[in-house]
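So the protein lines, in turn, are chains V and U.
So the first sequence is numbered by my numbering: it starts at 1 and just counts up by one.
So the second sequence is numbered by my numbering: it starts at 1 and just counts up by one.
Just so you know, not all the hints are guaranteed correct.
Claimed, not checked - The calculated lysine-lysine pairs, modelled on DSSO-like cross-linking and capped at a C-alpha distance of 30 Å, are:
hint, chain 1, residue 1, chain 2, residue 2
1, U, K4, U, K172
2, U, K316, U, K301
3, U, K172, V, K259
4, U, K608, V, K257
Derived from the structure by calculation, the hints contain no laboratory data.
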Amino acid sequence: MVEVEKIREEARRLLQEGQVRGVIGYVRGPQGVWAVPAMIRNPEDVDRLVWNPTCVHNLVLFVVEEKKEQARQKEPDKRPLAVVVKGCDSRAINVLLQEKFIEREEVILLGVSCENSGVVDKKKLLNLVPSQKIEEIVYGNNGHIVAVIDGERRVFPPEEVLADRCLECQANFPVVYDHFFGEKIKKEAINTSPGVDKIEKMRLEERRRFWEEELSRCLRCYACRSVCPMCYCTECVVDPISFAVEPTTTAEEKAKKIKWIEKSPLLSENFVYHLVRAIHLAGRCVDCGECERVCPEDIPIRLLNKKLEREAWRLFNYVAGMDSQAPSLFSTFKETDPEDFIR
Amino acid sequence: MRKKIGVFVCHCGINIAGTVDVKKVAQELSEFPGVSYTVDYVYMCSDPGQNLIIQKIKEEKLDGVVVACCSPNLHETTFRRAAQSAGLNPYECEIANIREQCSWVHKDKDKATEKAIKITKGIVEKLRWNEPLQPIKVPVTKRALIIGGGIAGIQTALDLANSDIEVVLVEKNPSIGGHMIQLSETFPTLDCSQCILTPKMVEVSKHPKIKLYTYSEVQEVTGYVGNFQAKILKKPRYVDPDKCTLCDECTQVCPVVVPNEFDLGLTGRKAIYIPFPQAIPATYTLDIEACPGVLPIACGKCWDVCEPKAIDFDMKPEIVEEKVGAIVVATGYDLYDKKNMAEYGYGKYPDVLDGLQFERLLSASGPTRGKILRPSDHKEPKEIVFIQCVGSRDPELHNKYCSKICCMYTAKHAKLYKHHVHDGQAYVFYIDIRAGGKGYEEFVNRTMEEEGVLYLRGKVSKVFEENGKLVVWGVDTLAGQDIEIRADMVVLAMAIRPSSGAEKLAKILKAAQDTDGFFAEAHPKLRPVESLTAGVFLAGVAQAPKDIPDTVAQAGGAAIKVVSILSQPELLHSPLVAQVNEHLCTGCSMCVDVCPFSALSIVEGKAKVNEVLCEGCGTCAATCLRSAIEVKNLTHLQVHDMLTASLGGLK
Numbered sequence: 001m002v003e004v005e006k007i008r009e010e011a012r013r014l015l016q017e018g019q020v021r022g023v024i025g026y027v028r029g030p031q032g033v034w035a036v037p038a039m040i041r042n043p044e045d046v047d048r049l050v051w052n053p054t055c056v057h058n059l060v061l062f063v064v065e066e067k068k069e070q071a072r073q074k075e076p077d078k079r080p081l082a083v084v085v086k087g088c089d090s091r092a093i094n095v096l097l098q099e100k101f102i103e104r105e106e107v108i109l110l111g112v113s114c115e116n117s118g119v120v121d122k123k124k125l126l127n128l129v130p131s132q133k134i135e136e137i138v139y140g141n142n143g144h145i146v147a148v149i150d151g152e153r154r155v156f157p158p159e160e161v162l163a164d165r166c167l168e169c170q171a172n173f174p175v176v177y178d179h180f181f182g183e184k185i186k187k188e189a190i191n192t193s194p195g196v197d198k199i200e201k202m203r204l205e206e207r208r209r210f211w212e213e214e215l216s217r218c219l220r221c222y223a224c225r226s227v228c229p230m231c232y233c234t235e236c237v238v239d240p241i242s243f244a245v246e247p248t249t250t251a252e253e254k255a256k257k258i259k260w261i262e263k264s265p266l267l268s269e270n271f272v273y274h275l276v277r278a279i280h281l282a283g284r285c286v287d288c289g290e291c292e293r294v295c296p297e298d299i300p301i302r303l304l305n306k307k308l309e310r311e312a313w314r315l316f317n318y319v320a321g322m323d324s325q326a327p328s329l330f331s332t333f334k335e336t337d338p339e340d341f342i343r
Numbered sequence: 001m002r003k004k005i006g007v008f009v010c011h012c013g014i015n016i017a018g019t020v021d022v023k024k025v026a027q028e029l030s031e032f033p034g035v036s037y038t039v040d041y042v043y044m045c046s047d048p049g050q051n052l053i054i055q056k057i058k059e060e061k062l063d064g065v066v067v068a069c070c071s072p073n074l075h076e077t078t079f080r081r082a083a084q085s086a087g088l089n090p091y092e093c094e095i096a097n098i099r100e101q102c103s104w105v106h107k108d109k110d111k112a113t114e115k116a117i118k119i120t121k122g123i124v125e126k127l128r129w130n131e132p133l134q135p136i137k138v139p140v141t142k143r144a145l146i147i148g149g150g151i152a153g154i155q156t157a158l159d160l161a162n163s164d165i166e167v168v169l170v171e172k173n174p175s176i177g178g179h180m181i182q183l184s185e186t187f188p189t190l191d192c193s194q195c196i197l198t199p200k201m202v203e204v205s206k207h208p209k210i211k212l213y214t215y216s217e218v219q220e221v222t223g224y225v226g227n228f229q230a231k232i233l234k235k236p237r238y239v240d241p242d243k244c245t246l247c248d249e250c251t252q253v254c255p256v257v258v259p260n261e262f263d264l265g266l267t268g269r270k271a272i273y274i275p276f277p278q279a280i281p282a283t284y285t286l287d288i289e290a291c292p293g294v295l296p297i298a299c300g301k302c303w304d305v306c307e308p309k310a311i312d313f314d315m316k317p318e319i320v321e322e323k324v325g326a327i328v329v330a331t332g333y334d335l336y337d338k339k340n341m342a343e344y345g346y347g348k349y350p351d352v353l354d355g356l357q358f359e360r361l362l363s364a365s366g367p368t369r370g371k372i373l374r375p376s377d378h379k380e381p382k383e384i385v386f387i388q389c390v391g392s393r394d395p396e397l398h399n400k401y402c403s404k405i406c407c408m409y410t411a412k413h414a415k416l417y418k419h420h421v422h423d424g425q426a427y428v429f430y431i432d433i434r435a436g437g438k439g440y441e442e443f444v445n446r447t448m449e450e451e452g453v454l455y456l457r458g459k460v461s462k463v464f465e466e467n468g469k470l471v472v473w474g475v476d477t478l479a480g481q482d483i484e485i486r487a488d489m490v491v492l493a494m495a496i497r498p499s500s501g502a503e504k505l506a507k508i509l510k511a512a513q514d515t516d517g518f519f520a521e522a523h524p525k526l527r528p529v530e531s532l533t534a535g536v537f538l539a540g541v542a543q544a545p546k547d548i549p550d551t552v553a554q555a556g557g558a559a560i561k562v563v564s565i566l567s568q569p570e571l572l573h574s575p576l577v578a579q580v581n582e583h584l585c586t587g588c589s590m591c592v593d594v595c596p597f598s599a600l601s602i603v604e605g606k607a608k609v610n611e612v613l614c615e616g617c618g619t620c621a622a623t624c625l626r627s628a629i630e631v632k633n634l635t636h637l638q639v640h641d642m643l644t645a646s647l648g649g650l651k
């Protein structure tokens, strides 16, 4: 079991000794039981830190945001950041290291085990417990989730309430960390993605219809991109609005701006956006599931990434974020790579 | 942005006009925005065609030219020169390939015309954004590195050195000479191989322009055409050639005997040895793997007897660096591994030999002093079977290619056998005889007719020993019957393979290999001695199986190619190279990892292009997730606009 007091102790020590400029962790949120991310800069605030099955967020996003913020500052605080990372989040750190977006010394990783379980899917739980009167959500035995509702403990089996990605996860503890809390329990391999299985069984026409239906709902609010720690580019290639037009911009320069994609959320443009994003995440996506969680239209975005994750494994034996020293998927070429797709 | 573009549509006789309505292409393009002049003409590459372009550029004050014709591989240079002579920058001329990529691959004239129009419109869109560029100038180091000291390397070295170019010749073995020095006589004139090669070897060793590194290997090559840096590993010989007087006392006392590579194991040699009497450099080498120990306590007999104290057990491997402007690969071949030919008893029966071993038997300096004797009992073989195409031309089990030299050397072997053993009978199993060379066909015919060698068209299934005879089971497909020959000796014309170090060297030089492992030439017909890597040339069997005359000819070809580079005061490099948008670059270094030319590096967190190394292949541009890198005159915007035009415009 992860003892939250130990995480707090470590965070307090790091802050008191001035080793870090802040600790990114989870605190109890304004909606009561549901945890939210927080940047703790004051040792007095560390008691607010929590660790429970509602800690869904991938906090690496805030490492990225902080890094960008630092670049804007004249005299940035160069001390590292401490960040609480789950298994998937830690692999996101590895990808950032691989891509040299951050250096290893810039972060102190407080690794937490997912307790042979995972994090809950709020929607699933609220379907089972219509009342919002949940007082506490904690880990039970054997991966079960315990919710305290009106003072009464209700135990849920993992398959009923855990987020899909946690059910499909096979590495539920960090692969890179400085301090580790909890136990490393290797989960039994459940089917890595029943969703992908289903899609793969569809005929091409069916598949296209499926995606047309799903993607037609996309509002292009870009929440998926905003929440993704891998989408750290300052200018996104599909985003025509971010090309800055300044008073000195000449007509020729304006004419040279490429519009790969229209702003309006038309089906064709939505396809381009989601497919480009999926390809850009191939070999990089660590399946933290945040994109799908934040989607207001419930588009199964993870499926696209999951399919590419499977292809990367099937064709190249590559798993994203396992080794920060390994070259990234798209920048490796081996003579033994399959090339039967070239006809 | 260009606004007055001229489009010149070529008929290429009926090559294009037969399938594409060229008039319609010109007509449609004349209405395309930015195009101010169009014309079609029967042969644009002809002198009048080029003059038409030059004249119209001037008359119509064109600021860009698109020639819709054949592949840019063929006439891009022609038309760019024409544009240049009319006062345009050469990069203001672009080719729309409507032949190879259109007329030649289609039959339906309407659709082919439509496609030709789209292709041409795409190129007009591209040209609109082309920057006028100047070639990048690079200084040249006037020295050449030749890898491999066989006949190919020797000939290239001499040709270059005699053209007043300094040569660094690297050979991995203790002596130069390669396989040719092992041969007895050479087809079709039967001159003694050693007699014609040793003068060249001596010339190499005495030539003031040739720096020779034997017993050395190229370990690392960096840089680019005109400016390579090579790291060469000099393996320790443990003998100082300057002190050694070749008295041979050391070999007399050396207690270790190992198979002699020069005689292909037919004789032994000592751990300290000279490969053959005419070796260049003329000195001994201590084989550290065979020597009981460089620790003098272990043996040290050679050291004791060496009067000039030439033996130095403390010698260490040494790495030297050489700067050169061009590299010639002349790494030659190895025989196909004998373990692949178990059915012929090769490696199992001592009297089953490969062609090179038989050469040693025939050689006057060989293990038998030129007498043909069986290795097993030193008796003269009276019945001898030669088997051709062993491991060659066998795509299912072995190598798919023809090793090219075996038909001829087998005929030579059979002929020489008959010269030595008058009462013997020689049989040759063959698939067919390939004797395409000056005097070759006549040579084979003489072997058959004058020497009475029996040629049997068919393959051999098995060779096995029975009562001291080698039983050869074969088939004569012309007579349609099975053949059994009880022979005293069997000689296998083994396939030749690229030298064992070829793969490693290809990686070091970033030079491509073909599917068989030979170094790939840049063009099978028009650039046969150039590799795909600029400044790296090929000579001899490293490129493909070939005989001595062809090797010597190719070596001369490679030499003149090197001269054509090194004689220039500076080299011009294509300015179509990658460029980085530092604003978008995050320094993830994926481009650095994918670049096949090592042209990229990360400097202060951003990708940086070494323009001289960059070949403009665009792999980096395709890899970059942020579109932060693109190739000049093939920018993302240009690709976007080309796509738009090719798709018939987006709305």
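Here is what the structure says about each hint:
1. U:K4 - U:K172: Judged against 30 Å, a Cα distance of about 60 Å means the pair is violated.
2. U:K316 - U:K301: holds (20 Å)
3. U:K172 - V:K259: Since the Cα atoms of U:K172 and V:K259 sit roughly 57 Å apart, the hinted pair is violated (cutoff 30 Å).
4. U:K608 - V:K257: holds (23 Å)
Hint check: violations occur at hints 1 and 3; the rest are consistent with the structure.
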